[in-house]
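Engineer: Required output: the full structure, derived from the provided sequences and hints.
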Amino acid sequence: MKHKYIVQVSKLTKKFGSFTAVDKISFNVSKGEIFGFLGANGAGKTTAIKMLIGLSKPTSGDAIVAGFDVVKEPEKVKYKIGYMSQKFSLYDDLKVFENIRMYAGIYGIPKKEINSKIDNLIQELGMEAMRNNLVGDLPLGWKQKLAFAVAMVHNPTVVFLDEPTSGVDPITRRQFWEMIYKASEKGTTIFITTHYLDEAEYCTRASIMVDGVIKALDTPKNLKENFGVKSMKEVFVKLARG
Amino acid sequence: MLNENQLMNKAFVNINKVSKSYGEVQALNDINFSVDESELFGLIGPDGAGKTTLIRILITMLLPSSGSASINGMDVVKDFKKLRHLIGYMPGTFSLYEDLTVAENLNFFATIFNTTVKNNYHLIKDIYQQIEPFKDRRAGNLSGGMKQKLALSCALIHKPEILFLDEPTTGIDAVSRVELWDMLKELKKQNLTIIVSTPYMDEAQLCDRVAFMQKGEVMEINTPQQIVEDFDTPLYAVKGNNFYNLLLDLRKMELTKTAFPFGDSIHLTTFEKYDSAILNDLIMKFTGQRTHTERINANIEDCFMEKMLRNEA
Chain S
4 MKHKYIVQVS KLTKKFGSFT AVDKISFNVS KGEIFGFLGA NGAGKTTAIK MLIGLSKPTS
64 GDAIVAGFDV VKEPEKVKYK IGYMSQKFSL YDDLKVFENI RMYAGIYGIP KKEINSKIDN
124 LIQELGMEAM RNNLVGDLPL GWKQKLAFAV AMVHNPTVVF LDEPTSGVDP ITRRQFWEMI
184 YKASEKGTTI FITTHYLDEA EYCTRASIMV DGVIKALDTP KNLKENFGVK SMKEVFVKLA
244 RG
Chain A
11 MLNENQLMNK AFVNINKVSK SYGEVQALND INFSVDESEL FGLIGPDGAG KTTLIRILIT
71 MLLPSSGSAS INGMDVVKDF KKLRHLIGYM PGTFSLYEDL TVAENLNFFA TIFNTTVKNN
131 YHLIKDIYQQ IEPFKDRRAG NLSGGMKQKL ALSCALIHKP EILFLDEPTT GIDAVSRVEL
191 WDMLKELKKQ NLTIIVSTPY MDEAQLCDRV AFMQKGEVME INTPQQIVED FDTPLYAVKG
251 NNFYNLLLDL RKMELTKTAF PFGDSIHLTT FEKYDSAILN DLIMKFTGQR THTERINANI
311 EDCFMEKMLR NEA
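Top line first, the protein sequences correspond to chains S and A. Per the working numbering, the very first residue in the first sequence carries number 4; after that it's consecutive. Per the working numbering, the very first residue in the second sequence carries number 11; after that it's consecutive.
Worth double-checking, as some hints may not be accurate.
If you anchor each label on the Cβ, the simulated ranges turn out as follows [stated by the list, open to error]:
#1 A:L258 x S:E101: 46 to 52 Å
#2 A:K195 x S:S119: 55 to 61 Å
#3 A:E34 x S:I112: 52 to 58 Å
#4 S:N136 x A:R148: 41 to 47 Å
#5 A:P143 x S:D65: 48 to 54 Å
#6 S:G70 x A:S105: 44 to 50 Å
#7 A:Q200 x S:G70: 57 to 63 Å
#8 A:Q200 x S:R244: 36 to 42 Å
#9 S:F230 x A:K199: 28 to 34 Å
#10 S:E101 x A:F123: 45 to 51 Å
#11 A:K135 x S:Y94: 19 to 25 Å
#12 A:K283 x S:K79: 39 to 45 Å
#13 A:K195 x S:F22: 31 to 37 Å
#14 A:N42 x S:K14: 57 to 63 Å
Note that these hints are calculated values from the structure, not bench results. The beta-carbon is built from N, C-alpha and C at its ideal position, and this holds for glycine as well.
Structural biologist: Next comes the structure, spelled out in structure tokens:
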């Protein structure tokens, strides 16, 4: 069960009837990488991510995520990954500590460890004063930080972040990225989608998907050089406009 | 008291001490500004800044708790019936009838304003033509970009004098964002007054003037050019190989005011002004890594962040 890469994707394809949403995409992501998964609306990003996290069965092709085959062992994949969607999966009518406790329970963290886990997380987030607040009453920035922490509660090998920074103020957006850097430094692999293309510059490597295929994949530096432009935004607009 | 714009009788929208609270939550706190005729005015700020609340008060869909506002001399509370004919509105979430076709939606909105698509077709032609091949498709089956073009067509079909767009580019990819701003630029040429809200700071530079909003307050109103020019803190872009460690190290330096990631570099503000080469030497000595430092001009996002920090201090 040895795999060189944390995410290993080979000719992964998803068809809905006659429409090919994801068309034979192949790429690898290494341990600790921050991998930017970019593309226009409707390019097939969400469909691809759903296959990688074991929620949708590929029509053909393979993907190994955190050492497990997403088709044969999707349940094992789910224990090894974290996921944060654009609509946070937190419960608004539960308190901050209750949300952490619930997710810790779901991911099978032993009962006697859960309380210390909650304390550590709340302290790390600087949310001591909000511990007993309902999540629904928190400002958006705090919800996002909490959602990220909860997605990491079981120390996943790789965490999938789907537009995690939409709508927050520019300072909170940067604080969020610092959480990402910190996780990456500790060896967690980050798989992230975003519409803020300055954030694409923070990635170790980025791919750009257009109409179901990966049109480009490289470090931001190489992508900019290859396209002869100064920013990832220009790279994106060039590719996505076709 | 009349402000300068009112005296010159130029202001098209006047907002005077508008506040709004929902129970204990103060969504808007003492908002005052005016917007000129055919101005493209941006409300820039994150979620929770009060942008939507302000727009909903101006389009007569929400009553202010206190204060007043007028559009073309008509009060948003007393004259709401007359005003609604003047106002075009594109809400942040897609609000057309998903089970009606493209053409049916457009006809519906023309009819409720006592007009016809034919009468005002010239106003929407450039935008509507792009989705006309799909006019018999149900709105619910359109792509995001097409939905937006339909929503914009429907908001314009009664020939409004002012158009409000609430976060038209949120959650939308960079290519569609460029397209939308191109459409707004074209509409401006028809002398339409446009008020648009966005959380994307880079879109501020596409507006004639912007209001920076944060936590229910307006932190600044000016042209984007002036806002950038007024930034007077020494600002440098620092690049290095170990980005995250460089960021943490820069924050430990005594000369540092703030250090934030900005694309492929770190934007560093300092308490005092330095020559770039001298500053770079200081940074290399402190961090032990090879860096490149240069003095740069602020962009809109630098300015917004500085205003936020100043407000919180």
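Engineer: Against this structure, judge whether each hint is valid.
Structural biologist: Here's how the hints hold up against the structure:
A C-beta distance of roughly 33 Å is found between L258 of chain A and E101 of chain S, which places it outside the suggested range of 46 to 52 Å. A beta carbon spacing of about 56 Å between K195 of chain A and S119 of chain S agrees with the range 55 to 61 Å that was offered as a hint. Look at E34 of chain A against I112 of chain S: about 36 Å separates their beta carbons, and that is not inside 52 to 58 Å. Between N136 of chain S and R148 of chain A the CB atoms are about 42 Å apart, so this pair conforms to the stated range of 41 to 47 Å.
Between P143 of chain A and D65 of chain S the beta carbons are some 39 Å apart, a value that contradicts the proposed interval 48 to 54 Å. Checked against the hint of 44 to 50 Å, the pair G70 of chain S and S105 of chain A passes, with Cβ atoms roughly 45 Å apart. For the pair Q200 of chain A and G70 of chain S, the supplied restraint of 57 to 63 Å holds, since their beta-carbon distance comes to about 59 Å. For Q200 of chain A and R244 of chain S, the hinted distance range of 36 to 42 Å is not satisfied, since their beta carbons lie about 26 Å from each other.
A beta carbon spacing of about 32 Å between F230 of chain S and K199 of chain A agrees with the range 28 to 34 Å that was offered as a hint. Distance hint for E101 of chain S and F123 of chain A: a CB-CB separation of about 49 Å, consistent with the stated range 45 to 51 Å. Against the hinted window of 19 to 25 Å, the Cβ-Cβ separation of K135 of chain A and Y94 of chain S comes to about 48 Å, which falls outside the hint. For the hinted restraint 39 to 45 Å between K283 of chain A and K79 of chain S, the CB-CB distance of approximately 57 Å leaves it violated.
At about 34 Å, the beta-carbon gap between K195 of chain A and F22 of chain S stays in the expected band of 31 to 37 Å. The given range of 57 to 63 Å is respected by N42 of chain A and K14 of chain S, whose C-beta atoms sit roughly 60 Å from each other.
When held up to the earlier numbered hints, the structure conflicts with 1, 3, 5, 8, 11 and 12 and fits the remainder.
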